[in-house]
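In order, the protein sequence lines correspond to chains B and V. Numbering-wise (the working numbering), the first sequence opens with residue 1 and increments by one. Numbering-wise (the working numbering), the second sequence opens with residue 1 and increments by one.
Check the hints yourself; a few may be wrong.
Far from chain B, by Cβ distances over 10 Å, these chain V residues were calculated [what the hints assert, rightly or not]: (1) Q177; (2) L181; (3) E211; (4) S238.
Some residues of chain V that are not near chain B, with every Cβ distance over 10 Å (derived) [to be verified]: (5) E135; (6) S204; (7) R260.
According to the in silico footprint, chain B covers these stretches of chain V (three or more CB under 8 Å from chain B) [unchecked claim]: (8) 101-113; (9) 140-146.
Since the hints were derived computationally from the structure, they do not count as laboratory data. Backbone N, C-alpha and C define an ideal beta-carbon position, used for all residues, glycine too.
Spelled out, the chains give:
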Amino acid sequence: MRITQGTFSFLPDLSDAEIRAQIEYALANGWAISVEYTDDPHPRNYYWEMWGQPMFDLRDAAGAMQEVLACRSAHPHLYVRVNAFDSTRGFETTRLSFIVNRPKDEPGFSLTRQEAEGRTLRYTLSSYATAAPEGRRYR
Amino acid sequence: MDRATVEPAGQRDAAGAAEDRVDLQALLADSQVRQVLDELDRDLIGLKPVKTRVRDIAALLLVERARAQLGLAGGSPSLHMSFTGNPGTGKTTVALRMAQILHRLGYVRKGHLVAVTRDDLVGQYIGHTAPKTKEVLKKAMGGVLFIDEAYYLYRPENERDYGQEAIEILLQVMENQRDDLVVILAGYADRMQTFFRSNPGLSSRIAHHVEFPDYSAAELESIAETMLAQMQYRLSPSALQALREYIPLRMAQPHFANARSIRNALDRARLRQANRLFASGAGTLTREALMTIEAEDIRASRVFG
Numbered sequence: 001m002r003i004t005q006g007t008f009s010f011l012p013d014l015s016d017a018e019i020r021a022q023i024e025y026a027l028a029n030g031w032a033i034s035v036e037y038t039d040d041p042h043p044r045n046y047y048w049e050m051w052g053q054p055m056f057d058l059r060d061a062a063g064a065m066q067e068v069l070a071c072r073s074a075h076p077h078l079y080v081r082v083n084a085f086d087s088t089r090g091f092e093t094t095r096l097s098f099i100v101n102r103p104k105d106e107p108g109f110s111l112t113r114q115e116a117e118g119r120t121l122r123y124t125l126s127s128y129a130t131a132a133p134e135g136r137r138y139r
Numbered sequence: 001m002d003r004a005t006v007e008p009a010g011q012r013d014a015a016g017a018a019e020d021r022v023d024l025q026a027l028l029a030d031s032q033v034r035q036v037l038d039e040l041d042r043d044l045i046g047l048k049p050v051k052t053r054v055r056d057i058a059a060l061l062l063v064e065r066a067r068a069q070l071g072l073a074g075g076s077p078s079l080h081m082s083f084t085g086n087p088g089t090g091k092t093t094v095a096l097r098m099a100q101i102l103h104r105l106g107y108v109r110k111g112h113l114v115a116v117t118r119d120d121l122v123g124q125y126i127g128h129t130a131p132k133t134k135e136v137l138k139k140a141m142g143g144v145l146f147i148d149e150a151y152y153l154y155r156p157e158n159e160r161d162y163g164q165e166a167i168e169i170l171l172q173v174m175e176n177q178r179d180d181l182v183v184i185l186a187g188y189a190d191r192m193q194t195f196f197r198s199n200p201g202l203s204s205r206i207a208h209h210v211e212f213p214d215y216s217a218a219e220l221e222s223i224a225e226t227m228l229a230q231m232q233y234r235l236s237p238s239a240l241q242a243l244r245e246y247i248p249l250r251m252a253q254p255h256f257a258n259a260r261s262i263r264n265a266l267d268r269a270r271l272r273q274a275n276r277l278f279a280s281g282a283g284t285l286t287r288e289a290l291m292t293i294e295a296e297d298i299r300a301s302r303v304f305g
């Protein structure tokens, strides 16, 4: 199951040139770029691991691109995303976030139904990948 | 500048020759580099060897662009530079202009200048230097990285100094990412010499060693006049005479820093002028009085003492 999170996730995977163009666009808007990766792609997992610190004051995509490629080659089998943070007062949030690397094999999620009081059903999602302990997922 | 027009003529037939031609003048006009070069000539006094070198580099890049249009790939030339010269000879100013020129010629993508010193590159503890240097390099990408007083990076007296680490990262980027940034190392001539001697790898990766000569007294005088004009001041005839006497005296003193010393002298003269206007107790001042620096403002300097 192909995971669709963030911008462009319904499109085919972006090429390096397209990633670069998106970073260039973010920098032109004055947003700071950061790179993050994770092995737990639950949609409510907001806290991905940081790949280095967010890069402020960049003028050109080359520096950020370098980090994207480095993160991707260090974690070729994990999810990697690029975030663009807007520090403008009133926004102070991520304006753009897109996946730039994904595992070859994405097992998807299982839906668990929990029977609660009366005939209430509670639903919860869990990734098949996270059944394995950390560090042994997506091998 | 007409090197490229020489080349394509010759063996080809007339039909082929049309595609084998490129208009260098149009390229020059297109890049607007002439304005920057003219500005350089106009705004910066003296510095003959520097200006010639900047022109050479501009011509090279323009020809390289013309060659690229005809499909002659020469690989982008290495443009890392070292600027050596005494204090106050305009190294930083020229570096700024250089960034503009390289940008107009399409050699760097953004054309900004990131000026750093040792403190910005070298960390304080183990493992601190590499991320710090890399961060600066990332910021400089697409533009020019100007390392002022570069010789401080290398401290031979301390073999555990982290400067060496910064130099190594720098070397790697200078070699592998020539398209992404241009590095300019700047500093005083003699100390740069020893720096390059002890870091041959660095020296060999720098194609352009540009020397900034000291200014002559006459050049310093016109620099002073330009500075004053920019600050909307003028010298009275007797003040000009005083300045003419002041400059050689100041040049003979220790810690003379060329244009920077002149600027400081002018700033002090402004201070004295303000003081004089106050002390005179005049109620209303004319525009003339506010703009004019008198001889006494300059002659009060300790240089005359």
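Looking at R260 of chain V again, its CB stays over 10 Å from all of chain B?
holds, 28 Å
Given coverage of the region 101-113 of chain V by chain B, tested with a Cβ cutoff of 8 Å and a minimum of 3 residues:
Since 3 is at least three, the answer is holds.
Say whether it holds or is violated: Q177 of chain V keeps its Cβ farther than 10 Å from all Cβ of chain B.
violated, 7 Å
Claimed clearance of chain B by S238 of chain V, with the beta carbon kept past 10 Å
The claim stands: S238 of chain V keeps its Cβ more than 10 Å from every Cβ of chain B (closest is about 50 Å).
Beyond 10 Å from every Cβ of chain B: is that where the Cβ of L181 of chain V lies?
Label violated. Min Cβ-Cβ 8 Å, cutoff 10 Å.
Holds or violated: is the Cβ of S204 of chain V farther than 10 Å from all Cβ atoms of chain B?
holds, 24 Å
Check on E211 of chain V being off the interface with chain B, judged by Cβ distance over 10 Å:
holds, 30 Å
Just want to verify: E135 of chain V was marked as not at the interface with chain B; is every Cβ pair farther apart than 10 Å?
Answer for E135 of chain V: violated, closest chain B Cβ roughly 8 Å.
How does the region 140-146 of chain V fare against chain B when you require at least three residues with a CB closer than 8 Å, holds or violated?
As far as the region 140-146 of chain V goes, the hint holds, because 3 residues have Cβ atoms under 8 Å from chain B.
Of the numbered hints given earlier, the model fails hints 1, 2 and 5; all others are met.
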